[in-house]
Amino acid sequence: MKQLMLGNAAVARGLYEAGCCVISSYPGTPSTEITEEAARYDEIYCEWAPNEKVAMETAFGACLAGKRSFCAMKHVGLNVAADPLFTMSYTGVNAGLVIGVADDPGMHSSQNEQDSRHHAIAAKVPMLEPSDSAEALEFAKLAYELSEEFDTPVLLKMCTRVAHSQSIVETADRVEPAMRPYEKNIAKYVMMPGNAIRRHPFVEERVRKLVEWAETAPINRVEPGKDHKIGVITSSTSYQYVKEVFGDTVSVLKLGMANPLPVKLIQDFAGKVEKLVVVEEMDPIIESHCKALGLAVSGKDVLPMEGEFSQNLVAEKLGGSVHTGRSIQDPIPPRPPVMCAGCPHRGLFYILSKNRCAVLGDIGCYTLGAVAPLAAMDMTLCMGASISAIHGFNKARGAESEGKTVAVIGDSTFMHSGMTGLANIAYNQSNSTVIILDNSITGMTGHQQNPTTGYNIKGDPAGKIDLEALCGAMGFTRVRVVDPYDLKACDTVLKEELAADEPSVIISRRPCALLKYVKHEAPLKVDPVKCVGCRSCMKIGCPAISIKEGKAQVDATQCVGCGVCEQLCGVKAFQSTGKEG
Amino acid sequence: METKNIMIVGVGGQGSLLASKLLGHLLMERGYDVKVSEVHGMSQRGGSVVTYVRYGDKVNSPVIDRGEADYIVSFELLEAARWLGYLKPDGQIVTSTQQIDPMPVITGAASYPDDLVEKMRATGARVDALDCLKLAEEAGSSKAVNIVLMGRLSHYFDLPDEAWQKSLEAMVPPKFLELNKKAFELGKNAQ
Numbered sequence: 001m002k003q004l005m006l007g008n009a010a011v012a013r014g015l016y017e018a019g020c021c022v023i024s025s026y027p028g029t030p031s032t033e034i035t036e037e038a039a040r041y042d043e044i045y046c047e048w049a050p051n052e053k054v055a056m057e058t059a060f061g062a063c064l065a066g067k068r069s070f071c072a073m074k075h076v077g078l079n080v081a082a083d084p085l086f087t088m089s090y091t092g093v094n095a096g097l098v099i100g101v102a103d104d105p106g107m108h109s110s111q112n113e114q115d116s117r118h119h120a121i122a123a124k125v126p127m128l129e130p131s132d133s134a135e136a137l138e139f140a141k142l143a144y145e146l147s148e149e150f151d152t153p154v155l156l157k158m159c160t161r162v163a164h165s166q167s168i169v170e171t172a173d174r175v176e177p178a179m180r181p182y183e184k185n186i187a188k189y190v191m192m193p194g195n196a197i198r199r200h201p202f203v204e205e206r207v208r209k210l211v212e213w214a215e216t217a218p219i220n221r222v223e224p225g226k227d228h229k230i231g232v233i234t235s236s237t238s239y240q241y242v243k244e245v246f247g248d249t250v251s252v253l254k255l256g257m258a259n260p261l262p263v264k265l266i267q268d269f270a271g272k273v274e275k276l277v278v279v280e281e282m283d284p285i286i287e288s289h290c291k292a293l294g295l296a297v298s299g300k301d302v303l304p305m306e307g308e309f310s311q312n313l314v315a316e317k318l319g320g321s322v323h324t325g326r327s328i329q330d331p332i333p334p335r336p337p338v339m340c341a342g343c344p345h346r347g348l349f350y351i352l353s354k355n356r357c358a359v360l361g362d363i364g365c366y367t368l369g370a371v372a373p374l375a376a377m378d379m380t381l382c383m384g385a386s387i388s389a390i391h392g393f394n395k396a397r398g399a400e401s402e403g404k405t406v407a408v409i410g411d412s413t414f415m416h417s418g419m420t421g422l423a424n425i426a427y428n429q430s431n432s433t434v435i436i437l438d439n440s441i442t443g444m445t446g447h448q449q450n451p452t453t454g455y456n457i458k459g460d461p462a463g464k465i466d467l468e469a470l471c472g473a474m475g476f477t478r479v480r481v482v483d484p485y486d487l488k489a490c491d492t493v494l495k496e497e498l499a500a501d502e503p504s505v506i507i508s509r510r511p512c513a514l515l516k517y518v519k520h521e522a523p524l525k526v527d528p529v530k531c532v533g534c535r536s537c538m539k540i541g542c543p544a545i546s547i548k549e550g551k552a553q554v555d556a557t558q559c560v561g562c563g564v565c566e567q568l569c570g571v572k573a574f575q576s577t578g579k580e581g
Numbered sequence: 582m583e584t585k586n587i588m589i590v591g592v593g594g595q596g597s598l599l600a601s602k603l604l605g606h607l608l609m610e611r612g613y614d615v616k617v618s619e620v621h622g623m624s625q626r627g628g629s630v631v632t633y634v635r636y637g638d639k640v641n642s643p644v645i646d647r648g649e650a651d652y653i654v655s656f657e658l659l660e661a662a663r664w665l666g667y668l669k670p671d672g673q674i675v676t677s678t679q680q681i682d683p684m685p686v687i688t689g690a691a692s693y694p695d696d697l698v699e700k701m702r703a704t705g706a707r708v709d710a711l712d713c714l715k716l717a718e719e720a721g722s723s724k725a726v727n728i729v730l731m732g733r734l735s736h737y738f739d740l741p742d743e744a745w746q747k748s749l750e751a752m753v754p755p756k757f758l759e760l761n762k763k764a765f766e767l768g769k770n771a772q
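These protein sequences, in sequence, are chains A and B.
One point on numbering: in my numbering, the residue at position 276 of the first sequence is 276, and numbering is uninterrupted.
One point on numbering: in my numbering, the residue at position 51 of the second sequence is 632, and numbering is uninterrupted.
Hint data in this document are derived by calculation from the structure and do not stem from the laboratory.
Cβ atoms here follow ideal geometry from the backbone N, Cα and C, with glycine treated the same way.
Please note that a few of the clues may not be correct.
If you anchor each label on the Cβ, the simulated ranges turn out as follows [unchecked claim]:
1. B:680 x A:571: 32 to 40 Å
2. B:709 x A:171: 21 to 29 Å
3. B:690 x A:392: 31 to 39 Å
4. B:680 x A:520: 21 to 29 Å
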């Protein structure tokens with residue numbers, strides 16, 4: 001059946017059709033929908049794991065037990081899971097194991113622009129790279145065949161434009177593979193030096209065999225052009241831009257396998273064209289391979305390392321026709337993302353800003369606390385770094401910073417990799433103040449459950465980790481819970497915990513305002529007679545409040561009546577409209 | 582047929598995903614090759630968002646570039662102006678007249694340009710501007726702006742009304758169907 005399908009949903013469909021039985025993932029844009037869509041198939045066990053390392057090891061355990069398994073993550077998640085990946089390359093698999101990894105060129109929703117093909121090369125595992133939804137489905141199925149034939153985990157690399165674009169796919173029925181027998185095999189699966197030494201040659205031999213496979217694999221195909229002046233080697237979404245600009249006027253070698261790359265296929269292709277060009281987003285992986293083969297090639301000398309490509313960019317750099325557009329003369333103010341109206345993080349960040357705290361931040365919606373006018377963040381690095389870094393910060397600066405520095409981390413990020421940092425504070429004793437922003441969901445990626453919410457991926461009741469008890473068990477005697485809508489309480493608790501002479505955890509607890517079960521208060525309105533236009537309410541950066549003709553004004557379509565602005569108004573100009581949203 | 586390009590632009594959270602799903606369904610049912618490129622993640626939190634819908638005999642790139650859009654459907658006036666450069670010389674803008682201040686305007690660091698519809702028209706762009714929020718509220722929910730806009734866009738397409746209705750029925754949950762059908766009609770028939 002033909003369907004218009006999101007790239008990530010097509011991967012999920014491919015997993016389903018290939019008979020995948022176990023999926024464990026941690027959400028991360030642009031990979032999240034693979035696991036969400038897979039969870040709709042009752043035949044597949046799906047879960048959100050606390051982090052990518054746990055997810056990958058869970059998937060490995062399932063493949064070891066004899067069932068086809070999968071895990072998905074974003075590019076930076078693969079860094080977290082790199083440890084099991086590199087050694088799974090040595091053990092190989094029992095049933096097939098596929099790892100979905102989604103890169104984010106252009107950084108639509110990421111903290112860096114790393115190219116995950118480097119991981120495939122470094123770990124010596126094959127990586128397939130689809131360029132649309134139809135290939136995403138097909139390659140997911142092929143990945144299992146390769147995994148089992150070559151005894152290796154297989155990486156399936158998505159990027160934002162493939163993951164988050166819908167295109168037409170042809171679906172098929174699920175083929176349920178028989179469960180593979182589990183046989184104890186110490187030499188293969190126990191990676192202590194003596195065994196690993198003997199597995200390493202197997203890995204090198206596997207790479208050689210995979211190169212051979214890549215030479216004639218149908219997913220690496222030549223599309224001959226009308227003449228032989230220019231030959232383009234490309235992959236993924238870059239292939240689509242090249243075809244958009246040049247159609248069949250140039251010869252194209254479209255690579256569906258990013259690692260390992262073929263040798264003879266590329267040499268033959270290069271020999272048939274006058275000028276060889278590599279079009280690839282991010283790092284020059286294919287280009288470096290060509291250069292290592294001694295081929296004259298153009299690539300990053302004209303195309304950028306940074307950002308996403310597009311048809312106009314490819315045309316501009318390679319001599320195609322570029323479209324231009326018009327504009328009005330007025331400058332268009334930018335519209336950066338902001339915390340939503342009613343976001344529970346806002347009140348807490350206002351108090352941090354007011355107290356001039358140094359804030360070591362983390363990954364999630366609350367990273368938006370760095371945006372003006374709150375501007376209440378000093379650092380964001382990677383998942384969990386807030387807690388580890390405040391410990392180092394305070395060890396370096398001592399009492400001078402302990403009284404005015406906090407770490408902020410969301411509930412899901414805390415479960416991901418904040419707990420180990422907190423253990424370090426408990427163990428090595430810095431007088432640090434850690435704030436867990438518990439909004440009862442994984443927010444930025446679009447509302448996924450996590451170990452603190454009490455629900456699983458299907459929304460059914462699940463185990464629920466008690467944050468207060470967890471911190472208490474680590475030895476924290478100062479664990480406070482505040483409602484971030486209550487500015488006065490937040491201010492009091494923050495001041496007390498910063499002043500305390502032992503480490504503390506503040507749990508700022510209120511569910512995300514976008515959660516369906518959260519009941520909103522009636523929107524507020526401003527009494528224009530009372531309002532003196534002092535702009536006090538503007539200090540919180542609420543998108544629902546603006547100043548029109550010198551008076552504050554509330555956008556009733558956005559306001560959820562959280563009342564944080566009301567607490568800042570010295571003249572009591574805010575009042576309820578009484579109409580519940 | 583040469584590939585046609587529709588951009589749906591607005592502010593994160595305004596409901597552009599449903600609009601693009603509706604168009605994707607409609608155009609696929611008409612037998613076209615279709616690609617729809619969406620934005621998920623951080624930009625959805627009140628940032629400027631854009632969705633690309635492309636259809637034709639064979640569509641390659643999932644995105645639309647400068648000077649390529651046949652239609653720009655905009656939920657918000659400033660966003661229509663932001664993406665104006667993506668309109669083809671003879672392209673058509675269908676926009677809601679709603680204005681949502683971005684944070685730099687709220688903080689006073691920038692100002693919201695005035696008379697945007699006139700200024701866009703002065704560049705030669707064809708602009709169909711409509712108070713879609715008012716019509717959506719008239720249909721029963723301020724959230725139905727997306728379908729009001731789709732109703733308006735249907736003016737410019739040579740497609741039978743039943744095709745749009747069929748896609749609405751396929752894409753909208755049953756309990757909101759009547760509301761959305763009304764929103765579609767209001768957008769289509771507004772003066």
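Cross-check of the supplied hints:
Here the CB-CB span from residue 680 (chain B) to residue 571 (chain A) is close to 27 Å, at odds with the stated 32 to 40 Å. The hinted range of 21 to 29 Å is not satisfied by residue 709 (chain B) and residue 171 (chain A), whose Cβ atoms lie roughly 38 Å apart. At about 34 Å, the CB distance of residue 690 (chain B) to residue 392 (chain A) agrees with the hint of 31 to 39 Å. Range check, residue 680 (chain B) to residue 520 (chain A): Cβ separation about 23 Å, and the 21 to 29 Å hint holds.
When the structure is compared with the earlier hints, violations turn up for hints 1 and 2 and for no others.
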